[in-house]
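K.L.:
Heads up: the sequence shown begins at 1 in the UniProt record's numbering, then just goes up one per residue.
There's no promise every hint is true.
Below, in silico cross-link-like pairs of lysine to aspartate or glutamate (DMTMM-like), each with a Cα-Cα straight-line distance of 20 Å or less [claimed, not checked]: (1) Lys705 to Asp555; (2) Lys711 to Glu685; (3) Lys333 to Asp279; (4) Lys711 to Asp557; (5) Lys688 to Asp674; (6) Lys689 to Asp639; (7) Lys711 to Glu644; (8) Lys688 to Asp557; (9) Lys705 to Asp557; (10) Lys688 to Asp666; (11) Lys714 to Asp633; (12) Lys705 to Glu560; (13) Lys364 to Asp601; (14) Lys688 to Glu644; (15) Lys676 to Asp622; (16) Lys711 to Glu686; (17) Lys711 to Asp555; (18) Lys688 to Asp633; (19) Lys714 to Asp622; (20) Lys79 to Glu644; (21) Lys566 to Glu552; (22) Lys705 to Asp674; (23) Lys460 to Glu240; (24) Lys119 to Glu552; (25) Lys566 to Asp555.
The set of hints was computed from the structure by calculation and includes no laboratory data.
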Amino acid sequence: MTTVRQRRVGKGTEAAEDQPSEETNVKPDGKIPSDRTGGRVWNILSVTVGGIAAISFGLLTSVYVATLHENDLWFSNIKEVEREISFRTECGLYYSYYKQMIQAASIQQGLHGLVYDNKTESVRTINILERMNVYQEVFLSILYRILPIQQYLEPVYFYIYTLFGLQAVYVIALYVTSWLLSGTWLSGLLAACWYITNRVDTTRVEFTIPLRENWALPFFAVQIAAITYLLRTHLQPVQERLTLMVVFIATFLFSLTWQFNQFMLLIQALALFILDCLDMLPTAKVTWLYIIQLSGLLLVCVLQFFNSMILGSLIISFNVSVLIARTIQKNLKKGGLLKRLGKLILHVLLVLCLTLLINKFIKKILNLESDEHIFKFLKAKFGFGATRDFDASLYLCEEAFGLLPLNTFSRLSSTLLFYVYGFVLFLLTVAAVIVAFRNLSGSNQVQPKGKMEEYTVTLKPDAAYSLVHTVLFGCLALSTMRMKYLWTSHMCVFASFGLCSTEVWKLFLKCLHLYTSQRTQVIKYSIPIITLLYISYKFWPGIMDELSELREFYDPDTVELMNWIKSNTPNTAVFAGSMQLLAGVKLCTGRTLTNHPHYEDKNLRERTRQIYQIYAKRSPSDVHSILRSFGTDYVILEDSICYERRHSRGCRLRDLLDVANGHIMDGLGENEPDLKPSLYPRFCEEIKKNLPSYTMHFTRVFQNKTFHVYKLAKHK
């Protein structure tokens, strides 16, 4: 088990186009007063200062997380095997392909090894580029090989510095999004500060560096910033085309780098669909965004050798269904309130039915079952029946896939983020309901300007999108803790935008009958500045203390295991064990695996369930037969799994296996009535007694306080 111990001593344009237009003062001779030039200079100065601040905060964030990573592990001082072990579970698996490409004799040979891989899953050749999202590792390894930096920078540092550099892109994108929404770069400054001070809940890049989300989320943030700009009014055609290009590139890179891209884009498409139905976004721009999502995913599908999981995704079926339904119902946005509501209900039902039909048809044609475990998990999670399915139960019992813990809100509240977020969310939700009702009822008649200014509630398209985006991703985060990073980062943007927004404060003050233009401007700038001062005063000392705290990576048992494997087993040896540990075995030793943590394949899931019988109540001959069917030479047993106490009864891995096998669980507690006692004791416990029935199949060749390695007998 890994521990971290104290280190020993030793080595604007302010969004002017979105503000209420004012009449230009023109002299009788037709000349514009000189203050127009002064305003232009001020805008240029403001944009310059805001841009410098955005880049500075992005770079500071990058340095900050890199320093935390170094201080936590003493990464520069530990051995290479310890560095690799620090890439836990699937992180180690992904990094192993980068290492494999670096160590290949040539780029062509490295690519061939990925396309025809027989080391990741024993007795089976798979295409890594088709199965996993590792193009970023391929690109980075090629870049490292062709750049003249090998003498100055180790491959591992080139890799982690790239990920930390992407954090700078992430923060800059959040900064720009908030700036575009509010019209002032002060909002972006506040968003960046909130992102940093809420680091525990906004990112985990410093300890899960190669995780797919750390590659993907910066591009998703860039995409959201580009969409925010696209939804502004009065864009020139050239500006619109360039923005659409940025949206496409960001969507493509996001989709290429994360296997869960389809679910995030589906939520985004739902946000666009809701707003389009309520006539709160321009239909033409929404259509372009649907097409961009489809194009980006299909291009990724081609690059991943026509990955069937992408073709069978709900987002493909949904976007196609929306475009088809729109051609069928051409007069969707005409008529009175009741007529519009009737049309909308029919439209939603049509889109829903088409989505399900198209998706079922595609999966039938492709015989697709790769994502069935996700839907089993969702069905059980939301109470649509209990499940004994091993894969679904494995997800249900993991804390990362559980509900968002309540202490998250107390942490977010300590920086004032959650309080401000709730305030802005409430005001804009009220405004959105009013605007949606007005749009559906067709009561958008022209009123005298003064009266309209006083009574009409408005919501800009970019603000409306940001509102629905944060609500939908908030629901996702509340239901699945692992996805909170998609919500909390946007929460920083949304809260800072609301605190610096003229429209939000105008709406709030009008509700209190206190609105004046001067008062709005004073509050718009004073409240954010006070908030920034409070955050700096409260959290700066803590950040400095955090940066000065020095720790050291310490996992001697795993280091000993990896060194033994490299020294005492042939390069062609096949290892079985837990998914998490085997990813490290592949990275550190290059040995062949029976299973691994990339779970998006039905055959691999079944294989993993079979391999995990080493922790179930099965006979030694059964376990030996199962392991040998996958070509296993060595099996690694972990005491932390065999005698697990991290989970409660019913969620321990051995309990999940017992239930799936129809056996009663260990310990005090209830069992389902149809479960029966097993005829055999638990394999991982009994094998340590060296009974003849076990030693004829398994010979212990290594052990320490954590791991036990057994060599399998090769019976004829």
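K.L.:
Next, verify each hint and record whether it holds.
P.N.:
Verification of the hints:
no. : hint             : in the structure
1   : Lys705 to Asp555 : holds, 11 Å
2   : Lys711 to Glu685 : holds, 16 Å
3   : Lys333 to Asp279 : holds, 8 Å
4   : Lys711 to Asp557 : holds, 19 Å
5   : Lys688 to Asp674 : violated, 30 Å
6   : Lys689 to Asp639 : holds, 14 Å
7   : Lys711 to Glu644 : violated, 24 Å
8   : Lys688 to Asp557 : holds, 18 Å
9   : Lys705 to Asp557 : holds, 7 Å
10  : Lys688 to Asp666 : holds, 19 Å
11  : Lys714 to Asp633 : holds, 8 Å
12  : Lys705 to Glu560 : holds, 11 Å
13  : Lys364 to Asp601 : holds, 17 Å
14  : Lys688 to Glu644 : holds, 16 Å
15  : Lys676 to Asp622 : holds, 18 Å
16  : Lys711 to Glu686 : holds, 16 Å
17  : Lys711 to Asp555 : violated, 24 Å
18  : Lys688 to Asp633 : holds, 18 Å
19  : Lys714 to Asp622 : holds, 14 Å
20  : Lys79 to Glu644  : violated, 29 Å
21  : Lys566 to Glu552 : violated, 24 Å
22  : Lys705 to Asp674 : violated, 37 Å
23  : Lys460 to Glu240 : holds, 17 Å
24  : Lys119 to Glu552 : violated, 32 Å
25  : Lys566 to Asp555 : holds, 17 Å
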